[in-house]
Amino acid sequence: MKNPFLLLVFTAILAASFGLGGCGEKQRAAGKNQIVWIKNAYAQFFRLGYTASDSFLELFADENGEKVIGKFHWGKSSHVSGYQPRGSMARIVSLSSIQSSMLAELSAHKTLVGVESQKYIAHPSLSGTPELKRLAEVAPDGPIIPEKLALCSPTIVLGTLSSIDDKQTIERLSLNKFSVYWCQNHLENHPLGRSEWLIALGWICGKPTQAQEKFNRIRADYESLVEKAKAIKSETPTVITNCVYNGIWFVPQFSSFVSQLIRDAGGKPISAEAGSGSNVISIEKAVGLFAQADIWINTDLCISLNCLRSSDPRVAHIKAFRQGRVYHFNKQLQTNGSNAYWDMGCIYPNRILSDLFHIFQNNLQSDSLNYYDICR
Amino acid sequence: MQDHKPRISQASKVNRRGRRPRLTLLLLAIFGLVIFVDLEPFSPRWDLPGANAIFWDLHFPRVMAAAIGGIALAWSGLMMQTLFRNPLAGPFLIGITPGATFGVAIVTYLGSQIGLDDSCTSFALQPLAALGGAFLVLSIQLALHKKLTQLHALLLVGLVLGYFFGAAVDIITQTAQAQQVKQFVMWGMGGFDRVLPSQLPILAVSASIGLGILLLNRHAFNAYLLGDIHVESAGKSIKNLRLWLIIGSASMAAIVTAYCGPVSFVGLIAPHISRKINATESHGPNILTTAFAGAALTLTADILANQLIANSILPINAILSIIGAPVVIFMLARK
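So the protein sequences, as listed, match chains U and W.
To convert, take the position in the first sequence, counting from 1, and add 30; that gives my numbering.
To convert, take the position in the second sequence, counting from 1, and add 118; that gives my numbering.
It is worth saying that the hints were derived from the structure and are not from the lab.
Just so you know, these numbers come straight off a predicted model, no measurement behind them.
Do not take every clue at face value.
What the hints assert, rightly or not - Only pairs whose alpha carbons sit at most 27 Å apart, straight line, appear in this in silico BS3-like list of lysine-lysine:
| hint | chain 1 | residue 1 | chain 2 | residue 2 |
| --- | --- | --- | --- | --- |
| 1 | U | K361 | W | K300 |
| 2 | W | K264 | U | K197 |
| 3 | W | K357 | W | K264 |
| 4 | U | K101 | U | K207 |
| 5 | W | K264 | W | K394 |
| 6 | U | K163 | U | K197 |
| 7 | W | K354 | U | K149 |
| 8 | W | K354 | W | K265 |
| 9 | U | K149 | U | K349 |
As the list claims (entries may be wrong) - Here are the simulated distance ranges between beta carbons:
| hint | chain 1 | residue 1 | chain 2 | residue 2 | range |
| --- | --- | --- | --- | --- | --- |
| 10 | U | E93 | W | A296 | 16 to 26 Å |
| 11 | U | K97 | W | A296 | 38 to 48 Å |
| 12 | U | K263 | W | N429 | 27 to 37 Å |
| 13 | W | N170 | U | K178 | 31 to 41 Å |
| 14 | W | S326 | U | P170 | 30 to 40 Å |
| 15 | U | P343 | W | L157 | 51 to 61 Å |
| 16 | U | P343 | W | A147 | 48 to 58 Å |
| 17 | U | I68 | W | A443 | 48 to 58 Å |
Built from N, CA and C at the ideal position, the CB exists for glycine as well.
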């Protein structure tokens, strides 16, 4: 080829075709290994993904998923950059009664070797059984006892970020010994978001289909109840929650777990401001706002009208108190302190919703309530 | 009886004589303003039926508790600063607050374990427990005050008791459940919302006892500030005088702490503000102005705690500390 210009053009075409060919291969490779993330229905503090060969789980500290607090993978690949291996399922320590009960719900509790405290677990497969008694208690009185956790020789620890001290203890002990999953399910604002963690735990313990089916049933039941509540044309009852602590009242905000349940059950939470936390108001403001409330639920420490009166006699200004429409979730409160509302209620929010629906409709046959009872 | 008044220079007296009435009037005006503002209902639903009853049952007792509590704490602070001849003395220093806190911790955490069958009992028993804890400390102080002739020993006993009860509370807290911790923390934040109308007379009686002790012994307290020898020369017993000071200051602090929770800074600052206005340490003129300063402080803090953030309430102690700390530093710097 005598023309240098033609030579240059030919070389350029050749280089470009090689380049594109290589690039095409990379894209295909990336496409093959690209993680497909599953969109959760309600949960905001985790996400699950998969490739042809692996499963992935990311855990978040915030509801926007901006702060990642755990990235795990398992499957055929021995190493995936940025993700740590799931860890063996042989010995699990669960530091929350909700996670323990979720494992029991998925019949995966045989892998448990330790729990936070035996007394808070209300799941029927564990509560009061020899199975529960064999489990080590690593934080029976609050903070984690490092020696007890180490003696469990866990391969996986399911923890929550509720205590900085506990976080530091766990991280110190975990170095190259076990995987730690920070499960923030207690921060999910939507009741079904908390329940959806069943799927995350189902994936971790190798029972994804069972977990998905269970959640689907719970979700369908919950959503049908919401529709039923919406269809009722009668006047929406106004609802208040919590009780007074030394002249101070915690009022849940609009997006909080309790406010969501009240709205879904056909009630109207009073003074629910924007946000997912709670407002702290004085008893004077509270009584001013709540004076005409129809129903009072979740009375916290008090499970009787006498107790509420003792905490502050001025609650007698509240209509719900005067009319005796005060309810608390103590129906399944055990003498050891466990209460199915807290762990089973997280798994089955449809049952809590059903209780509230019946309370709001004043339809209180003896067996209609799962967790709630009237305060007398 | 000879009138013992801590002296200040003649020039200083002349300079300050002119502004003293103006400052006292200003303090009175502030007191009047804050009590008027605080009494103004702010709840959004005062148009509802029964709002009048809510006002008398909730709003009025809160404002009155803030005013009486502020006065009692201010007089308690004045008496403690006299007792120890120390401008930094307060209820914490002689162990009253830690004693009350210990009493509340006992009923909050251990109520169910010592046979109290319902968690509600702890709500009702909290003021009594706080009173019990505070008077336990007071009894120890009274038992020891005859043996401990040195003031610093009495002070040291108070501090040691504070550490002792603080440690006991830490141990109890360690074994507590989350709800109990919440309840205890709420009590520790202090506040006047929790005071019931039926408890107002108790606060008023305690303040009246304090006022009686101050009025009857004001000349002797002036002499005491100048030194033991001045008390003896006036024919008074040092031990009896200290006994009155301990009983008066501790009982007022104990009763306010029992019903309102620990309320900080008022007892420390109010006497300083009063002395600044009156330009004297003499108890006579300081009794009234200390009371107005104490009440103005608690009422202002109460207004701010309730009004600063809409639909929320701030801890009264945090407000008082935020107001109090710069005031103390400013006053010390000006001295």
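Status of each hint after checking the structure:
no.: 1; hint: U:K361 - W:K300; result: holds, 23 Å
no.: 2; hint: W:K264 - U:K197; result: violated, 52 Å
no.: 3; hint: W:K357 - W:K264; result: holds, 7 Å
no.: 4; hint: U:K101 - U:K207; result: holds, 17 Å
no.: 5; hint: W:K264 - W:K394; result: violated, 34 Å
no.: 6; hint: U:K163 - U:K197; result: holds, 26 Å
no.: 7; hint: W:K354 - U:K149; result: violated, 63 Å
no.: 8; hint: W:K354 - W:K265; result: holds, 19 Å
no.: 9; hint: U:K149 - U:K349; result: violated, 36 Å
no.: 10; hint: U:E93 - W:A296: 16 to 26 Å; result: holds, 22 Å
no.: 11; hint: U:K97 - W:A296: 38 to 48 Å; result: violated, 24 Å
no.: 12; hint: U:K263 - W:N429: 27 to 37 Å; result: holds, 31 Å
no.: 13; hint: W:N170 - U:K178: 31 to 41 Å; result: violated, 58 Å
no.: 14; hint: W:S326 - U:P170: 30 to 40 Å; result: violated, 50 Å
no.: 15; hint: U:P343 - W:L157: 51 to 61 Å; result: violated, 22 Å
no.: 16; hint: U:P343 - W:A147: 48 to 58 Å; result: violated, 36 Å
no.: 17; hint: U:I68 - W:A443: 48 to 58 Å; result: holds, 53 Å
Checked against the numbered hints given earlier, the structure breaks hints 2, 5, 7, 9, 11, 13, 14, 15 and 16 and satisfies all the rest.
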